[in-house]
Amino acid sequence: MRFLILIFMKKTVFIVLTFLFIQFSAQEKLMFWPKGEMPNSKILTSKTKKKKELAELKEPELFAFLPPVKERKQMSVIIIPGGGYSKLTYDEGAFQIAKWMNTQGISAFVLNYRLPTSSDLIQREIAPLQDIQASIKYIRKNAAQWGISPNLVGVVGTSAGGHLATSVSNITTDYTQLKGDWESISTIPDFAVLFCPVIDFGEFAHKGSRDSLLGENASAEKIKEYSMQNRVTPKTPPTILFHNQDDTAVPPMNSMLYFKAMTQNKVKGALFIFPEGGHRFSITNKSELTENWKKLCSDWLETLNNK
Amino acid sequence: MKKFILIFSIFIGIQLFAQQKITVWPKGEMPNSKGLKLNIIEEKEGRITQIQEAELFAFLPAKEERKPMAVIIIPGGGYHHLTYNLGGYSYAKWLNTLGISAFVLNYRLPTSPDLKQREIGPLQDIQAAIKLIRKNASQYGISPDQIGVLGTSAGGHLAAMASNISKDYTELKGDLSTISTIPNFAILVSPVIDLGEFAHKGSRDNLLGENASTEKIKEYSMQNRVTEKTPPTILFHAQNDPAVPVINSMMYYEAMIKNKVKGALFIFPEGEHNIGISNKSELTDHWKEVCSDWLKTISKK
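First to last, the sequence lines map onto chains G and F. Take 346 as the starting number for the first sequence in this note's numbering and just add one per residue. Take 7 as the starting number for the second sequence in this note's numbering and just add one per residue.
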């Protein structure tokens, strides 16, 4: 009997260890820029780079959240946290959304991108875009390794992360400067999910995001160029938008403008504006009404799967 | 056997009562009528093209399940006919499952030869219906302050008219004259809103006649009539609606945001001009849950 218990104990320890390991690997950190190839960095491009400076260089990274192999679908998403282009709110929203995606069998990768305010950058406004473009290429290149499809890679963006998600949806220029077999991989996601996204940099702008990305006193031309409702074309991937009417940080008009442009360009998608909830969508919501976003989102993703 | 018959007859009685027909206008007080005798014309099943006078069909949930909230359902049909079953009765039954009383309004169509002034006929009928339900609220065990409207397609246009046109066109006297015609909330499903660039042309021509002036078109484009006093409104539309472009709902909601009118907008990728009680798309079918949760937030107030 004692012997049996011992065996049982050993098994439990083993299971617990395995469990810990899975937990650990569930948040595997991935460096998606091939070593030394990250563009737009003062340190990396300087001919006299010092070891100390190199060590201090913070590289963008992806945190991988993978569902169990048996439950894993072909679909994956890269989650782009918000934070007004001046910080990253990854722990608050992004990790939670990643875990929820996993409950749907969808693999999730949380992107920590370089902020336009970083002093290492040579050209501020394209750095976040370079990072998301490179990470899409990276996920597609390694898709087979995770058992996912390179043609069902979407982006999820919250707040300023929504601006970056729409930037990568619509800007066709490849800013990654990656060579070799990387070159031919598309940077355009297969679909986009947007929560309270920053879209417009004009009348309805979240001023903080605009100033962080473009600097203060951006020209009217630049503002128009980076207002994503102006960049939608018939090639924009299918997009679903969620917003709250009482969002005072990023007015719901941002989502309205984008969806209007989508409809004009015959881009398929959905727009859901809830009355209350402020500038956030969480996995657990106080309001029963807002709680519906998850059903709407997962059913929409299902329709993409079926195609 | 006798018991069975008794239960059966009670059941039939309740069934009948569940669709009780109510005349909207007090006898002889229907305005805007030439006094013609008209037959009810049902062009094909579920599609009425002519009525004599406005009628409400009452659908009441079981007393034990009945909440204080009630909804007047305004069927669509391009102001040319009334899809009273698909766009009326079936919503009423669904609302009853939520404990909400429902009244389906068959309104006089602007194409009726009996009308003196075509474009206000439907509005007069919905205004009188709201007054009547509020007046008799206690009889139904509902609250006069929780009377909403639900309109589909052209019915959505009429629901938006009732929401925003504060002038009382009913000409009703006595205790009915002081009762408000403005609903407490509105549910708009694939609504006709704009009668200009994005108009459902049929609805516009039937309501205003062909060759309506730009002034008239502007006046009857409901996005131009929203004010801070517009009641809370939730809108549902399909992006691929081929009859009433989705931009109709977006224009109304934009006006609501500008005027700080509380509400919600749900645009589904699919559903065409057929968002209803049973939907082909699982995603679109969620509109009912969203709507019922929204109604709960309204009734808490």
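Accuracy of the hints is not assured; some may be wrong.
[Claimed, not checked] Using 20 Å as the maximum straight-line C-alpha spacing, the simulated SDA-like pairs for lysine to any residue come out as follows:
hint, chain 1, residue 1, chain 2, residue 2
1, G, 640, F, 286
2, G, 380, G, 399
3, G, 605, F, 34
These aren't lab readings, by the way, just hints derived from the structure by calculation.
Going through the hints against the structure:
Between residue 640/G and residue 286/F the alpha-carbon distance is near 16 Å, which keeps this suggested pair within the 20 Å criterion. Only pairs whose Cα atoms come within 20 Å are accepted, and residue 380/G paired with residue 399/G is accepted, the gap being roughly 12 Å. At most 20 Å may separate the alpha-carbon atoms for a hinted pair to count; residue 605/G and residue 34/F exceed this at roughly 48 Å.
Hint 3 alone, counting from the list given before, is not met by this structure.
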